[in-house]
Amino acid sequence: MIKTLNNLKQGETGIIVAFKGKGNVRKHLMEMGLVRGSDIKVERVAPLGDPIEIKIKGYSLSLRKEDAKKVEIEIK
Amino acid sequence: MDKIKIALAGNPNVGKSTLFNRWTGMRQHVGNWPGKTVEKKEGSFKYDQYGMEVIDLPGNYSLTAYSVEEVVSRDYIVGEKPDVIVNIIDAANLERNLYLTVQMMELGANLVLALNMNKFAREKGLKINKKQLSELLGVPVIEIEAVDDTGSEKLLQTIVKVSKSPNVVLDRLEYGNEVSEHTKQLEKIIDQDIPQLDAPSSWIALKLMEEDPEIIKKIEETGKGQRVLKEIKKIQRHFNDVFGDDADAAITDARYGFIAGLVSESVKKPKIDKVTRSDLIDRVVTHKYLGIPIFLLIMWLTFQITFTLGDPLGGYVEEAFAWLGETIAASMGEGFLTSFIVDGIIGGVGGVLVFVPLIFILFLILSILEDSGYLARAAFVMDRFMHKLVGLHGKSFIPMILGFGCAVPGIMATRTLENERDRLLTMLIVPFMSCSARLPVYALIVAAFFSAYQGWVIFSLYLLGIVVAIIVAAIFKKTIFKGMSAPFVMELPPYRLPTAKGALIHMWERGALFLKKAGTIILALSVVIWALSSLPVGVEYGSQESVTGQIGTVLSPIFAPLGFGEWQATVAIIYGFLAKEVVVSTFGTLYGIDGDGGGEEASDEEVSANETASVEQVSNEASGEQVSGETAVEEASAEEEETALEEDPGYIAVMQELFTPLSAYAYMVFVLLYIPCLATLAAIRRETNSWKWPAFAAVYTFVVAYVVSFVVYQGGLIMGFA
Ligand SMILES: Nc1nc2c(ncn2[C@@H]2O[C@H](COP(=O)(O)OP(=O)(O)OP(=O)(O)O)[C@@H](O)[C@H]2O)c(=O)[nH]1
Ligand SMILES: [Mg+2]
Chain E
1 MIKTLNNLKQ
11 GETGIIVAFK
21 GKGNVRKHLM
31 EMGLVRGSDI
41 KVERVAPLGD
51 PIEIKIKGYS
61 LSLRKEDAKK
71 VEIEIK
Chain G
1 MDKIKIALAG
11 NPNVGKSTLF
21 NRWTGMRQHV
31 GNWPGKTVEK
41 KEGSFKYDQY
51 GMEVIDLPGN
61 YSLTAYSVEE
71 VVSRDYIVGE
81 KPDVIVNIID
91 AANLERNLYL
101 TVQMMELGAN
111 LVLALNMNKF
121 AREKGLKINK
131 KQLSELLGVP
141 VIEIEAVDDT
151 GSEKLLQTIV
161 KVSKSPNVVL
171 DRLEYGNEVS
181 EHTKQLEKII
191 DQDIPQLDAP
201 SSWIALKLME
211 EDPEIIKKIE
221 ETGKGQRVLK
231 EIKKIQRHFN
241 DVFGDDADAA
251 ITDARYGFIA
261 GLVSESVKKP
271 KIDKVTRSDL
281 IDRVVTHKYL
291 GIPIFLLIMW
301 LTFQITFTLG
311 DPLGGYVEEA
321 FAWLGETIAA
331 SMGEGFLTSF
341 IVDGIIGGVG
351 GVLVFVPLIF
361 ILFLILSILE
371 DSGYLARAAF
381 VMDRFMHKLV
391 GLHGKSFIPM
401 ILGFGCAVPG
411 IMATRTLENE
421 RDRLLTMLIV
431 PFMSCSARLP
441 VYALIVAAFF
451 SAYQGWVIFS
461 LYLLGIVVAI
471 IVAAIFKKTI
481 FKGMSAPFVM
491 ELPPYRLPTA
501 KGALIHMWER
511 GALFLKKAGT
521 IILALSVVIW
531 ALSSLPVGVE
541 YGSQESVTGQ
551 IGTVLSPIFA
561 PLGFGEWQAT
571 VAIIYGFLAK
581 EVVVSTFGTL
591 YGIDGDGGGE
601 EASDEEVSAN
611 ETASVEQVSN
621 EASGEQVSGE
631 TAVEEASAEE
641 EETALEEDPG
651 YIAVMQELFT
661 PLSAYAYMVF
671 VLLYIPCLAT
681 LAAIRRETNS
691 WKWPAFAAVY
701 TFVVAYVVSF
711 VVYQGGLIMG
721 FA
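Residue numbers (the working numbering), protein chains in the order written: chain E, 1 to 76; chain G, 1 to 722.
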């Protein structure tokens, strides 16, 4: 099943299959490790509902849901 | 003696500065990169018979042109060609750290890898085979501990060795057929057409495929790039056809692919991720319901500790300077020179030094919050709020809260924002937070006009400041900072116990920089204002005949539409530029009122002493202590008899003569919003490294203050509040 990252629930894990879109933010996020084939886990959502914290390449990264929308995840 | 030029590079927060400080001790110089707001740290030390020159590069995740820091680092590596680059790596976070390493290898840099934070890697259950990693990369890999001497000797030996026989790393990278073929193809054209570039042509080729704007510009500037640029277009089309994605993405994928290969051969990972201590802490600190209360509590504590500890200390500084002024005045007698030394110099220096305790304490707390990892969580918790409200990053919240105490530490706290535009925008709106220096002004006016609703009136001003800040931020976001929205992509580093040494060093570096850079400006301008108030020779300090008084008289009609066209009100505004609470004591001086309630003419002596007191009251601001109109001499001798100005019937009479309730409110609004005080402007100057922004801040806040006060006064008139 494929979901976009912003729709993953707390604790859900998967593998990145695609990163849609263009631009600097996408590039930066890819450089931070959000590349195809990487394991990803949603660690938690901020108290106000945004941003989210994910675990990628063994570390914790936070990003906003509007950016997470572009990332497609294959749920394990 | 042979010199070796070393650059320390690595991701943020991996221990570069720790190692830098350990190596260079006090032999370091902190400045800015030319034309940039990024800090540049250089130092030197001796090892064996070598003179080591070290530069601490800004922390980076990559070497694209994503941030100023990345451009600075990249230009340094390309332009300055350091003999050796020590790449410090967080062993607990190897994959992402190697991404930068790989990019420096693309540049052909002469690298040594220093694995730091090995303890945390072991805690995570990672086993790194250094030898294997080193062989695969063709780069020496040394295990160090930046906080102590572990591995230090070995690292230095390796640096010396590598500086003599550089590593060849270019041929180690394997990015798969598609990327390598096209790189080679481009490389060939570059070598033919533009052979004299100072970076490896394979790197230029990669950067061009990544559509790096800086590199494209450089190639265009050579005037010989037509063929190369045309080829790029073709390659990009090809990538889009074959992969359905840009070359850019394919290259990032390829780098991580190469790293994945490295890691699988040299690192043993546990099957299941352990639940770390950081996870456990985060479950509480970023908890759905507890997260925000915890954040507010920590902010409140920061505020309380800074101001309750800093104020009394600032008070001592102030008293010491008052005493010094008196002593000098007593021994020199009255006169122009005495006034210059006491009111100009000592007043000015005092005005700088009263900030010192406040700033050092604040930086100590901020360093602890930052080093422990909490600051990133605070931003995580507050981001949505700040983003929705003012289009800013979560981290901007902290400077704004501090602004309620004093804008100077608020401005300096913008350091923690990585994004330059966020930093600028935050600096521009922090001065609208009603700092404690405005409180005495409100207290005075409120007592004269609004005694029945004191709390509400003052509260309305605080609120007004916040509302104006939000509106101004929204306007700036749509105009000068248009399209510059900073994304929120932030690492949440593991929690660590901050070391006392690290926190103290941070505090010292930042505090000393404030003193050096902002202090000189505050002092110089204080002297200028003193001169304007004392000239022409023989006039009473700050009287209508003085230059300041004359300027005030000329300018005062401008303020008539706001309801306060009297020259005294204007002169008070000019002095308020020095520090806002001086507005209050200026009225005292101009009307010759002292705290005992008399309305008699002030003698020369009283007037000048009074001014000394007011300049030094910069610190009273925060203690909430009410500013009194007593002379410094009286203050020292009869502290306990002090009567606050706003309770003084003579003063109230004067205020009621000068203002109506409506114009008094408009005046408070103006004092709240107009030109940040001297120290704030100096801090902005220091942080942005240019006069442009403080000048802009001064002008635009004046305009905002004028417009808002105008609306308040004229609106009030229309509604019949006169
Ligand atoms: N336990 C431990 N802590 C370390 C070590 N090296 C650095 N630290 C801590 O890690 C934090 C960050 O260190 P810095 O030296 O400021 O890191 P930096 O690489 O200069 O960071 P940026 O300037 O932000 O890029 C500090 O709190 C250090 O005390 C280490 O070897 N072991
Ligand atoms: Mg550093």
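Treat the hints as calculated values from the structure; they're not laboratory data. Incorrect hints may appear among the rest.
Distance ranges between label pairs, derived from CB positions [claimed, not checked]:
1) K69(E) to D75(G): 28 to 36 Å
2) V284(G) to K69(E): 45 to 53 Å
3) G37(E) to K516(G): 44 to 52 Å
4) G51(G) to I15(E): 29 to 37 Å
5) G37(E) to K161(G): 55 to 63 Å
6) L313(G) to G37(E): 51 to 59 Å
7) K81(G) to K69(E): 40 to 48 Å
8) I15(E) to K127(G): 36 to 44 Å
9) K69(E) to E174(G): 16 to 24 Å
10) I15(E) to F459(G): 16 to 24 Å
11) T308(G) to G21(E): 46 to 54 Å
Every residue gets a Cβ at the ideal spot worked out from N, C-alpha and C, and that includes glycine.
Taking the hints in turn, this is what the structure says about them:
1. K69(E) to D75(G): 28 to 36 Å: holds, 34 Å
2. V284(G) to K69(E): 45 to 53 Å: For V284(G) and K69(E) the Cβ distance comes to about 29 Å; the hint is violated.
3. G37(E) to K516(G): 44 to 52 Å: holds, 50 Å
4. G51(G) to I15(E): 29 to 37 Å: With a Cβ separation near 51 Å, G51(G) and I15(E) fall outside 29 to 37 Å, so the hint is violated.
5. G37(E) to K161(G): 55 to 63 Å: violated, 38 Å
6. L313(G) to G37(E): 51 to 59 Å: Because 56 Å falls inside the window, the suggested range holds.
7. K81(G) to K69(E): 40 to 48 Å: Once the Cβ atoms are compared, 43 Å apart, the range 40 to 48 Å for K69(E) and K81(G) holds.
8. I15(E) to K127(G): 36 to 44 Å: With Cβ atoms ~25 Å apart, the hint is violated.
9. K69(E) to E174(G): 16 to 24 Å: Because 33 Å falls outside the window, the suggested range is violated.
10. I15(E) to F459(G): 16 to 24 Å: violated, 53 Å
11. T308(G) to G21(E): 46 to 54 Å: holds, 49 Å
Hints 2, 4, 5, 8, 9, 10, counting from the list given before, are not met by this structure.
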